[in-house]
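There are 2 protein chains.
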Amino acid sequence: MSKQNQRDLREHNRSLIMETLLLKQPLSRTDLARETRLSKVTVSEIVSGLLESRNIHEIGTGHSRGGRRPVLLAQLPQVGVAIAINLAPDETTSLSTWLDGSPIDREHQWPAVVDPASAIDQVEAIYRGELEALARCRDAALPPIVGLAIAIHGNVRGDDILFTPYYSLAGLPLAPQLRQRLAVPVWIGNEANFTALGELASGAARDNFVAISVHSGIGAGIVRDNDLDVGRQGFAGEVGHTIAVPGGLSCPCGNAGCIEQYASERAIVTRWREVSGDAGADLGSLIRASQANDSRARGVLSQFIRYMGILVNNLSRFVDPDSIVINSRLTAALPQLIEEIKAEQRCRLGEAAPLVPSLLGDPAILYGGIAMVLRRHYDVRRLHFAAFRPPDTRC
Amino acid sequence: MSKQNQRDLREHNRSLIMETLLLKQPLSRTDLARETRLSKVTVSEIVSGLLESRNIHEIGTGHSRGGRRPVLLAQLPQVGVAIAINLAPDETTSLSTWLDGSPIDREHQWPAVVDPASAIDQVEAIYRGELEALARCRDAALPPIVGLAIAIHGNVRGDDILFTPYYSLAGLPLAPQLRQRLAVPVWIGNEANFTALGELASGAARDNFVAISVHSGIGAGIVRDNDLDVGRQGFAGEVGHTIAVPGGLSCPCGNAGCIEQYASERAIVTRWREVSGDAGADLGSLIRASQANDSRARGVLSQFIRYMGILVNNLSRFVDPDSIVINSRLTAALPQLIEEIKAEQRCRLGEAAPLVPSLLGDPAILYGGIAMVLRRHYDVRRLHFAAFRPPDTRC
DNA sequence: ATACTTTGTTAATCCGATAAACTAAGTTAG
DNA sequence: CTAACTTAGTTTATCGGATTAACAAAGTAT
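Chains W and Y, in that order, are what the protein sequence lines are. My numbering puts the first sequence at residues 1 to 395. My numbering puts the second sequence at residues 396 to 790.
If you're looking for bench data, these hints aren't it; they were derived computationally from the structure. C-beta: ideal position from N, C-alpha, C; glycine also. One should not assume that every hint holds.
Residues from chain W that face chain Y, not an exhaustive set, calculated with beta carbons under 10 Å [to be verified]:
#  : residue
1  : Asn13
2  : Asp31
3  : Ala112
4  : Ala141
5  : Pro143
6  : Asn155
7  : Gly158
8  : Ile222
9  : Tyr307
10 : Ser316
11 : Val319
12 : Arg381
Part of the chain W face toward chain Y, derived, beta carbon under 8 Å [to be verified]:
#  : residue
13 : Gln109
14 : Arg206
15 : Asn208
16 : Ala236
17 : Pro246
18 : Pro321
Chain W regions said to be covered by chain Y (calculated; three or more residues, Cβ under 8 Å) [claimed, not checked]:
#  : stretch
19 : 228-234
20 : 350-358
My request is simple: use the sequences and hints to build the entire structure.
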């Protein structure tokens, strides 16, 4: 039902050109015609529109390839701001970027939002606080806000918050209310799904992949054809609640043997405390002990490896992705874990999917929110974050 | 890259009209304009083309709705033949239908194709044998063959046979060779994926669903947006090789604890033989014993229920489909098993996906092959099989 | 018989993509 | 240094496809 008249056709080709430019800028009009297989005339027309709407600009001329020099086109990033808010169970973080994904200021922390009665007010206050922080760090006026993305630690489908294990936001009309109050496009989504968008935009993976996020629970974002697949009820990728041990440890979800009872940070730390006899032990001490070749720590990690191996195997069998991205503090600190998880893949049905570490690490959720905003703003699927500006150059 | 010029637009709208007509025939031109949201003129133009190419015909006039009576349009089924061949490990079956999916003759049996050296010749012989059988049962000449689909019990991606556990067809250029020899469109695909297409065309499920097939192994076809998702290497849906028991029974695939070691027909019959002490016991005797309330049989079935419950749970968490179709001889004979598998769903993350039995049963693979041919022939995604002609009216 | 409805076609128009010709601005070879 | 060639981008003419509006065809209702 989507593309059936000429206006849709034009819209489609505009998206195509914008996406190509965002991915491979700078490009000339002729480059764009070659890449998109559109005629030069069509490209020139659409480019005129994009120039006029100040989405792109001409940045000068490139090197001649034996004739007239090409006029190079590039995105105009500082004409708008994208904002992402991560409603984590224990704190709220926020980040604002230009339209190329480069941060304007550092990441900000705020109190956790847990009370459903005041949740919408709180998020509104955080949004306004973020704007003030931006104003303080910039003397010039801010360009328009092109969108706000809010990461929910729970299940989301469209504007509906369906289930939130860590707080009680289910059923709250967060997105519609904020849209009205802030007069800004608002997108909400599951945290693991945002992470997957972040990995897509950072270049860790593309096309068809799964991004696994390990923290207190285990979630995943499934990307098919450069688009999120959230399933019928927004539960696609709830891989923490796949059963790995029949009749195993009971899980708050109601089932027994869910894999997140064996391989989540919480499960691993619990096990590490048992093994080490230190009730105050945490993920950091486990990592340090492992680096010091502590055999008890290695034992705990072998459990992590084993169950992550099962998860990766099962993911490969179910969805057979092009690659699997892992975002976890354990694999970030101990890169060899990735190889050990790979070594668990013994199924001879084809090669195992390439396993790659996240390029974004902890702030992946926020960058994923930014990606959510930008892909809607530009009406594209893939985009490419500009190199991250080092912290010292920020305000 | 697909739809960017006007020709693509026309092609898209032609497909849209054909798909709508196949699903809801008979329809008038005005009905089609309303359903597709295209203008009456565009519909009339495209319909003229479809009439001229004898894909559809006018079957008369419908009831007046207060004005001129509509001219009803319908598919013209007997202008072409679709053929499907199922290369099962123990036998080969074949089926031919008209373009509405109604069988021309009964299903035919042939010897199993196991020798890679002669496999292509054998399949060619079976195809020609099927044509002869059709000629024998019809005095009139056959219309053209619009395509041949071949179900492979193994992994397929495009024309490439990647892995076949039961015979050695991997790497064989079956499709390209037959295309050349028979001068007919040839499609090959995984058996479970074909089954999913069959369920789609039979109306058992639509849009986004998973069709699980249980026999000697366990496979699944994943349908997203009415299209098959076969994954990077054609392994998507190889759910039999997801691990359900860490360190469990070893599987020929190289892993341990694969779910098909616990819930496939082979696994269940093995267990039934152990429990009953009868080395000749089979699935039929298990079903009969269960119907006679034999407690040992019920025990064996409870294992089936338990592991199928895990599989359904994990599928729901990974892909969150609109529904899950189960095609197995056990659930077909003992429908209450479906309810018992449903009862295993204890995860409170949203409602469990509706679990429905296959409408096609055993010949689902063949009908799925037919669907494969027809959807390519008409360039549509969804289609709807005409009611099956009862066996006694066939030749 | 007259007025109204619905179906489907004809005619006029609009919109978007393309090809061909052309202008602009360079490089290269002699 | 100029003539010939190349590449970039625009102008012009044309084509293909979708839509609107008007109309013809064929019915119903009173």
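Here's how the hints hold up against the structure:
1. Asn13: holds, 6 Å
2. Asp31: violated, 16 Å
3. Ala112: violated, 22 Å
4. Ala141: Given a least distance of 39 Å, the restraint on alanine 141 of chain W is violated.
5. Pro143: Check failed: Cβ of proline 143 of chain W comes no nearer than 31 Å to chain Y, outside 10 Å.
6. Asn155: Nearest chain Y Cβ about 7 Å off; hint holds.
7. Gly158: violated, 14 Å
8. Ile222: Holds. Min distance 8 Å.
9. Tyr307: Nearest chain Y Cβ about 7 Å off; hint holds.
10. Ser316: holds, 7 Å
11. Val319: Holds, about 5 Å.
12. Arg381: Hint violated; arginine 381 of chain W Cβ to chain Y Cβ min 13 Å, cut 10 Å.
13. Gln109: violated, 29 Å
14. Arg206: violated, 12 Å
15. Asn208: holds, 6 Å
16. Ala236: Cβ of alanine 236 of chain W sits 4 Å from chain Y, so the hint holds.
17. Pro246: holds, 6 Å
18. Pro321: holds, 6 Å
19. 228-234: holds (count 6)
20. 350-358: The restraint on the stretch 350-358 of chain W holds, since 3 of its residues have a Cβ under 8 Å from chain Y and three suffice.
Hint check: violations occur at hints 2, 3, 4, 5, 7, 12, 13, 14; the rest are consistent with the structure.
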